[in-house]
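**Student:** As given, the protein sequences belong to chains S and X, one line each in that order. Per this note's numbering: the first sequence ends with 416, consecutive numbering throughout. Per this note's numbering: the second sequence ends with 527, consecutive numbering throughout.
Hint data in this document are derived by calculation from the structure and do not stem from the laboratory. One or more of the hints may lead you astray.
[As the list claims (entries may be wrong)] Each computed DSSO-like pair below joins lysine-lysine, with the alpha-carbon atoms no more than 27 Å apart:
hint, chain 1, residue 1, chain 2, residue 2
1, X, 437, S, 251
2, S, 217, S, 251
3, S, 65, X, 437
[What the hints assert, rightly or not] Beta-carbon label-pair distances, calculated as ranges:
hint, chain 1, residue 1, chain 2, residue 2, range
4, S, 212, X, 433, 46 to 52 Å
5, S, 164, X, 430, 32 to 38 Å
6, X, 443, S, 247, 25 to 31 Å
[Said to hold, decoys possible] Some chain S residues judged to face chain X by a derived CB distance under 10 Å, without partners named:
hint, residue
7, 4
8, 242
9, 300
10, 324
Model, not experiment: these values are computed from the prediction. Positions of the beta carbon are idealized from the N, C-alpha and C atoms, including for glycine.
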Amino acid sequence: MQHYSGFGLLKHGLSHHENWQRMWRNPVPKAQYDVIIVGGGGHGLATAYYLAKVHGITNVAVVEKGWLGGGNTARNTTIVRSNYLWDEAAWLYEHAMKLWEGLSQDLNYNVMFSQRGVMNLGHTLQDMRDIHRRVNANRLNGIDGEVLDVKQIQEIVPHMDCSANRRYPVMGASWQPRAGVARHDAVAWGFARGADALGVDLLQQTEVTGFRISGGKVLGVETNRGFIGAKTVGCVAAGNSGVLAKMAGFKLPVESHPLQALVSEPMKPILDTVVMSNHVHGYVSQSDKGDLVIGAGIDGYNGYGQRGSYPTIEHTLQAIVELFPIFSRVRMNRQWGGIVDTTPDACPIISATPVGGLFFNCGWGTGGFKATPGSGHVFAATLAEGKAHPLAAPFTIDRFISGKLIDEHGAAGVAH
Amino acid sequence: MLHIYCPHCDEYREEEEFRPKGEAHIARPADPENTSDEDWGNYLFFRKNPRGLHHEQWFHSAGCRKFFNVTRDTVSYEILETYKPGQQPTVTAESRQAQASAQASNQGAAK
Ligand SMILES: Cc1cc2nc3c(=O)[nH]c(=O)nc-3n(C[C@H](O)[C@H](O)[C@H](O)COP(=O)(O)OP(=O)(O)OC[C@H]3O[C@@H](n4cnc5c(N)ncnc54)[C@H](O)[C@@H]3O)c2cc1C
Ligand SMILES: [Zn+2]
Numbered sequence: 001m002q003h004y005s006g007f008g009l010l011k012h013g014l015s016h017h018e019n020w021q022r023m024w025r026n027p028v029p030k031a032q033y034d035v036i037i038v039g040g041g042g043h044g045l046a047t048a049y050y051l052a053k054v055h056g057i058t059n060v061a062v063v064e065k066g067w068l069g070g071g072n073t074a075r076n077t078t079i080v081r082s083n084y085l086w087d088e089a090a091w092l093y094e095h096a097m098k099l100w101e102g103l104s105q106d107l108n109y110n111v112m113f114s115q116r117g118v119m120n121l122g123h124t125l126q127d128m129r130d131i132h133r134r135v136n137a138n139r140l141n142g143i144d145g146e147v148l149d150v151k152q153i154q155e156i157v158p159h160m161d162c163s164a165n166r167r168y169p170v171m172g173a174s175w176q177p178r179a180g181v182a183r184h185d186a187v188a189w190g191f192a193r194g195a196d197a198l199g200v201d202l203l204q205q206t207e208v209t210g211f212r213i214s215g216g217k218v219l220g221v222e223t224n225r226g227f228i229g230a231k232t233v234g235c236v237a238a239g240n241s242g243v244l245a246k247m248a249g250f251k252l253p254v255e256s257h258p259l260q261a262l263v264s265e266p267m268k269p270i271l272d273t274v275v276m277s278n279h280v281h282g283y284v285s286q287s288d289k290g291d292l293v294i295g296a297g298i299d300g301y302n303g304y305g306q307r308g309s310y311p312t313i314e315h316t317l318q319a320i321v322e323l324f325p326i327f328s329r330v331r332m333n334r335q336w337g338g339i340v341d342t343t344p345d346a347c348p349i350i351s352a353t354p355v356g357g358l359f360f361n362c363g364w365g366t367g368g369f370k371a372t373p374g375s376g377h378v379f380a381a382t383l384a385e386g387k388a389h390p391l392a393a394p395f396t397i398d399r400f401i402s403g404k405l406i407d408e409h410g411a412a413g414v415a416h
Numbered sequence: 417m418l419h420i421y422c423p424h425c426d427e428y429r430e431e432e433e434f435r436p437k438g439e440a441h442i443a444r445p446a447d448p449e450n451t452s453d454e455d456w457g458n459y460l461f462f463r464k465n466p467r468g469l470h471h472e473q474w475f476h477s478a479g480c481r482k483f484f485n486v487t488r489d490t491v492s493y494e495i496l497e498t499y500k501p502g503q504q505p506t507v508t509a510e511s512r513q514a515q516a517s518a519q520a521s522n523q524g525a526a527k
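So that you can see chain X by itself, here it is in the shape it has in the complex (with noise of 0.2 Å):
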């Protein structure tokens, strides 16, 4: 059962109170009536679905039923972080990589 930290209700609560509602940050398009049918195709259907770090909004549908971003590993299903929408992630594949190899030559360095 996962637990979820919603910053709307500034508390954990369990997995069932939560919907899950499919990757985050997907702009709609600005303008539909211009958009090709390609591009609109990519907005509706196609995902990143990633095997690692996943961007994902959820639904407090028993709780406060507001909106709000987890950062999620696909793998592990562990939460790194919850924000609001509007907000951007702290955590991402790219800043892991980046700790990743700091903390490799680091060990490098001690050795």
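Okay, chain S solo, but in the shape it has when bound (with noise of 0.2 Å):
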């Protein structure tokens, strides 16, 4: 792998840029891996990554559909927090949030992790009570987080509407300055180059068709490239994941919703943080290229189709209208929406299955990409060691079975 640097952008700028190597190989599927990888997004890719790095398994593919990071992580709006409020959820986000704090170096690729802060709004009493409680909850589990008082918040959003006399007054907010956005093709591209580097096989348009399975035990799948052998097979296909658990012979407690998201034209620089409103359902960031990155809430049916419906566009643009009016007359450049796997108490499943060697890392809904790093390298030591990440312990499908659910509803904010 060629190492990037400074000094590699001066020389390959001497001829031009024109003998930059390629990122990753594209082989052909060996017929045995000891591990498998179903789904080339974000999460995937860092769970190989790990998996080769941290375990030292390098006979390891990841089998993706259609593009590497083509789903979910293509399709988010970046935000990366872990300001959750039980433990259990805390702490693996916030394991997460270490990582993403020396991913650039660690990859040797510039995922542009900007922690600018993110700002969660309360607009009512119970929205102030719920706010203290979940950053008191933080500040005990050693994780940043302040709340704002609204001439502090118009200090960092000076353009924000927090006039008391608006239809949803902006009380205060929850304030996390170590959380931000980072650039999510980069986190996806970062982590494939860096598998690929050690070894790992990226099969991309091989899609799974079907599981081998025998005694109970699986040994591998089935693509449309034909049969590929490994007893140890991890899926991490998101909105897909309950199409993948049918093929393999169980349900999932997860169901699968549009997510949308829209971006504007690009403009000078006029907001340098995240801004979450739960109460009017809406959150805005500007990316580096001075877009408003913009989203909401899911669409209220199932649905596979990568694209939402326009009430909920028409929602999403009146909230963020709400907070900010110097934005009515920004026009809209692109919409688009991903598939996200929800589950009944918003937090991830990371669990063995009832098939032996089959594991599954999915339900992480509409707010997983903060976790790619973590949820990789916590899924890696699972499938390295066949049993449960202290850290991915609580997240097992059996918490639906035991009633021990980690109800991050409305206490995780807006749930991104």
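Two chains, two separate frames, one set of hints: put the complex together.
**Tutor:** Quick look at the structure:
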């Protein structure tokens, strides 16, 4: 693998940038691997990378039906934060946050992680009570957090309308300074390049159509390019997880919904942090290119078509204009949808399954981008050891039988 | 925007008048006291979530405020039928498959 550096950039400049090496190979599938990862999004690629790097397991394939990072990884609004309420969730997301903080160096790839802070607004007394509770819980877990009053909010976001006579007045906010955004494609590409360099085969345009199972144990996957064997298979397929589980003969406590986002035309810098509101339900940040990145809630019905409904777009923009009347005439450039895998308690599933050797990492729903490195890290350990990493242990499928849910619904602020 | 036919109002109305309420035809265990944790968990949390035909409940929240059922394709979002609670769907994954294979064999015969 070619090391990226400032000097390298200069050197390649001399040859008009025509001699850059490809970032990864495009290999032919082998007959047998030690581990197969189904799904080449950020989480799957991170899993493969840490399997090779931390556990020395390099005979690994990532099987992706489309192109790398073309699922929710490429469709999300890139908010990264770790201020979750319950210990189990807070530890998992904070584990990811710590990895984010060194990720560009570790991967030798600029993932443009920008710790510009995330603000969760409160508009009612109950919102404010929940915010105080969550910030206190975060601080007890060693996670940074503050409660801001309206004056402090206005200093950080002067263009937001915080006047007291709004329909939904801003009463305060929680603020996590270490939170922020990252470049979604770069995260997928950085992990892919790192995994490939360590010997992982990245198999694109390869769709898993079934599992070969014998005596309750997995033997490999059937694909459009033939059978590929492995005694350990990890599925990281986000919105399509339920489809894969059905192929393996069991159900998941997961439902697939469309989630949309939109970006505006590029503008001069106006917003240098992330503002989220659970109550009016919308969130916005500004990308380095200058476009506003806007999102909100899922469409209520189940759906696998990667698009959403117009009423949702309308509600989203109503919320943004309520907060920022100054944005009312900004034109929107693009709108799209992804398929998110929601669980009843808004927490992921990182778990063994009824099939031996077959593991699932899914249910990240509307908010898994922030967890990408942490999810890959603990899932790699789970696959390597054959049993759950301590941080992953509470996130089994069984919790929906035992009742030990980790209810992050309201607590996590807006769900991204 | 979906156009949804409410079988109670006997009219097509816009999606915004309705709220989707998840999978239909889920029977509550008849004897909760003697239902195993596994069956109870399945009843509460595990759904079919199919990629394809889905029988689901909708609520006419800004209309008659009654529940009804919808058969909808979760990939194309096309609504194939709506029917009242207590009734059974006429379009199912099986009936669709049978129709498709009948069509295929008809075409075979014509050639
Ligand atoms: C509009 C939107 C906004 C979001 N905003 C945020 C946010 O601000 N912050 C945040 O933290 N999270 C956010 N999320 C959620 C986040 O995007 C996801 O939780 C996360 O990216 C999931 O990563 P993944 O790698 O598991 O999934 P994906 O990137 O979806 O990867 C799964 C891959 O599996 C592949 N696959 C599926 N079936 C098969 C098969 N049969 N065979 C082979 N391959 C298969 C797919 O092609 C896909 O590439 C958002 C999501 C959306 C849609
Ligand atoms: Zn009606």
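**Student:** If a hint holds in the structure, say so; if it doesn't, say that too.
**Tutor:** We went through each hint and held it up to the structure:
1. 437(X) to 251(S): 20 Å, holds
2. 217(S) to 251(S): Status holds; Cα separation ~17 Å.
3. 65(S) to 437(X): Between residue 65(S) and residue 437(X) the Cα gap is close to 31 Å, so the pair fails against 27 Å, i.e. violated.
4. 212(S) to 433(X): 46 to 52 Å: With a Cβ separation near 48 Å, residue 212(S) and residue 433(X) satisfy 46 to 52 Å, so the hint holds.
5. 164(S) to 430(X): 32 to 38 Å: Given about 35 Å between the Cβ atoms, the range holds.
6. 443(X) to 247(S): 25 to 31 Å: For residue 443(X) and residue 247(S) the Cβ distance comes to about 26 Å; the hint holds.
7. 4: 40 Å, violated
8. 242: 4 Å, holds
9. 300: 4 Å, holds
10. 324: Violated, about 24 Å.
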